[in-house]
Amino acid sequence: TSSSRYFGFRGSIAQRMNVDWTGLIREEFTRQTPDVGELTSRHRLTLGLARRPKRSNEQHALFMANWKVDYGPQAGQDRISYLLSTHQNRQIAENATLSGRLGTRWTKTRFDTGSINSQALMADVRATFDIRRRWELDLRGGWLGTGGLNEGKYAFGLGVAWIADRNLRLGLRYNVVGFREEDLDEQGYNTQGLRIGLQVKFDEDWFQWLK
Numbered sequence: 003t004s005s006s007r008y009f010g011f012r013g014s015i016a017q018r019m020n021v022d023w024t025g026l027i028r029e030e031f032t033r034q035t036p037d038v039g040e041l042t043s044r045h046r047l048t049l050g051l052a053r054r055p056k057r058s059n060e061q062h063a064l065f066m067a068n069w070k071v072d073y074g075p076q077a078g079q080d081r082i083s084y085l086l087s088t089h090q091n092r093q094i095a096e097n098a099t100l101s102g103r104l105g106t107r108w109t110k111t112r113f114d115t116g117s118i119n120s121q122a123l124m125a126d127v128r129a130t131f132d133i134r135r136r137w138e139l140d141l142r143g144g145w146l147g148t149g150g151l152n153e154g155k156y157a158f159g160l161g162v163a164w165i166a167d168r169n170l171r172l173g174l175r176y177n178v179v180g181f182r183e184e185d186l187d188e189q190g191y192n193t194q195g196l197r198i199g200l201q202v203k204f205d206e207d208w209f210q211w212l213k
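Read left to right, the sequence shown gives residues 3 to 213 (this note's numbering).
Since the hints were made in silico from the structure, they are not lab data.
Only pairs whose alpha carbons sit at most 35 angstroms apart, straight line, appear in this in silico DSBU-like list of lysine-lysine:
no., residue 1, residue 2
1, K56, K203
2, K56, K213
3, K70, K155
4, K213, K203
5, K110, K155
6, K70, K56
7, K203, K155
8, K70, K203
9, K110, K70
Keep in mind the model is a prediction, meaning the values are calculated, not measured.
Please model the entire structure based on the sequences and the hints provided.
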């Protein structure tokens, strides 16, 4: 533009490794340099593995490693983060599913007076129950620790969802207590308060009319 220059790149590749495992590499980079002021840049590199067995559909697993670099003009915006996380999902009964996440983050934040290192550990679990044909009930709990196992914040909530159609889901959830962790919980599932969700699944069934 007349006042700044902006560069951006986003690319990802996913490759099935065998019948059960899929690998992912994703790269994202943005850089904005104004004519007046300091530059702002954002870099994200993600390596992922997904396990979804074709023969047995009871246990799913995701594993991710992230490298994040941020630069900005304000204090505390220059930081480097390393994240490791996993998401496990298991069907424990015909009408019940248990899922959970575990992740950790190491961050180095630079200031004019020096650098600060910090670490966070997050774990949460969710139980989902099918009620009749079109309703779901879920219970969720989470924990975020930044100074040890005896120190941390907690999250607890419940929700209900209506399956309007095979690929359409409407949900309403309320967390009585919660916390915010922008790196390990980008979606804000553990944030305190009310959350309204709409999920639409696009698959091959949407394109049957092309036949």
